[in-house]
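Participant: Take the sequence shown: its letters are residues 1 to 328, numbered as in full-length UniProt numbering.
None of these hints come from the bench; they were simulated from the model.
C-beta atoms are modelled at their ideal positions from N, C-alpha and C, and glycine is treated no differently.
Among the hints, a few may not be true.
Stated by the list, open to error - DEER-style ranges, computed between Cβ atoms:
1) S155 <-> D270: 45 to 55 Å
2) I327 <-> D186: 14 to 24 Å
3) T139 <-> T38: 46 to 56 Å
4) S9 <-> D104: 19 to 29 Å
5) S216 <-> D147: 42 to 52 Å
6) E54 <-> I327: 38 to 48 Å
7) R6 <-> E55: 46 to 56 Å
8) D313 <-> P140: 28 to 38 Å
9) H80 <-> W293: 41 to 51 Å
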Amino acid sequence: MIRPRRLRSTPQMRRLVAETRLHAADLVLPLFVKEGLTEPKPLGSMPGIVQHTEESLAGAVAQAAAAGLGGVMLFGIPAHRDATGSQADAPDGILNRAIRIARDAARDAAAGTGRPAPVVMADLCLDEFTDHGHCGVLTPTGDVDNDATLVRYASMALTQAEAGAEVVAPSGMMDGQVAVIREALDDAGHTGVSILAYSAKYASAFYGPFREAVDSTLQGDRRTYQMDSANFREGLREADLDLAEGADMVMVKPAGSYLDVLAAVAERSDVPVVAYQVSGEYAMIEAAAANGWIDRRGAVLESVLGIRRAGADIVLTYWALEIADWIR
C-alpha cells in the first residue's frame, strides 16, 4: 500500500518535506507616519498597529532590521491636503522626510551586524495627500484624470528617489504609470531605483481599516481605476502590461481573496511577485482571535504560508515582525 502519511508522521518529518517555508527576508512591514503627532497613535480597527511619529518611525525600522525583515513600506499622512496633493512631492513633505529617516535608521541598525538593512520602499500614490481622497488629480467633472495624474506620479518618483527610496511603489492603477515613472527616473539618473508595480489591485471591501490608518478623506469609491473583483483575466493583462513597461516587481492586492490571480501571475512573471495581505485580512483574524474563535498564531502563519504557496516571493503583512520572531 502507498502510504503518504509516512511523510506526516512526526514534526521533524513534516519539517523535512515541507514544500513552502517562511523566512523573514521574504516579509515587508507596512509603516504609517503621520505629520504632527507627538506620540504613536493606535488604530482601533487594527489592534497592535499605530500611526508613527517621525521619532518612533526610526525605532520601528530598527526593529525591522533586527528581525531580519526584507523591507519596510512607508505611507505618509500629511497635515495639509489639497486638490493636487502638493505635499506628495514636496522635498520636505512627511513621506519624503520619512524616507530619509527610514534609510538612515535601516543603515544604522544593520551597521556592524553582518546583516543587510531592510529595503526602504515608498508608496507612490496621491490618495493620502489629496483633499478628495482619490489616487489622482480630478477633471472639472470630478473624474480621475489618468494622464494628468501620471505627471504628478513622475514628480513623486523623483522626489522619493532623491530622498533615498530604494523602491517606489505606484499603487494608483493609472494606465501607463510604470512606463512614465521608469522614464522619469532614468532621465534623472536614478537608474538603480526599482519599481514595485501594484499591477492587479482590486477595488476591495478589505481595505476598510486602511482608511483609518491614513485618515482617508475619500468620498465615493475607486471602481473606475481599481479592478473589478469579478475579473481574473484582466488581472493577468494588467501584470503583463506592467512587465512590458519595465516593472521590477509586480503585485497582487489583496492577497487572500485573490490567490488564483496571484498563482497565475507568478506562473507568467519573470520578475519577483509580491502580495499584500491587506488591513481587512489582518483585522478579521485579530477580531476572531480576540473572541477566542480561532488560534491566532496558527491562523496568522497559515494565512501567510498560503500566500507564499500560491506563488508570492514577497509578502507585505502587518504581522511581519511577529512572524519573524516566531520562525526565528
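Participant: Now tell me if each hint is right for this structure.
Facilitator: Going down the list of hints, with the structure as the test:
1. Checking the proposed 45 to 55 Å range against S155 and D270 shows it is violated: the Cβ atoms sit about 30 Å from each other.
2. Separated by about 38 Å at the C-beta atoms, I327 and D186 break the suggested range of 14 to 24 Å.
3. Taking 46 to 56 Å as the suggested C-beta distance range, the pair T139 and T38 does not conform, at roughly 39 Å.
4. Between S9 and D104, the C-beta spacing of about 50 Å breaks the proposed range 19 to 29 Å.
5. Take S216 and D147: their Cβ atoms lie about 24 Å apart, and the range 42 to 52 Å is violated.
6. Between E54 and I327 the Cβ separation comes to about 30 Å, which falls outside the hinted range of 38 to 48 Å.
7. At roughly 55 Å, the beta-carbon separation of R6 and E55 lies within the given 46 to 56 Å, and the hint holds.
8. With their beta carbons about 43 Å apart, D313 and P140 fall outside the hinted range of 28 to 38 Å.
9. Evaluation of the 41 to 51 Å hint for H80 and W293 yields a pass: the beta carbon distance comes to about 42 Å.
In the structure shown, a violation is registered for the earlier hints numbered 1, 2, 3, 4, 5, 6, 8, in ascending order.
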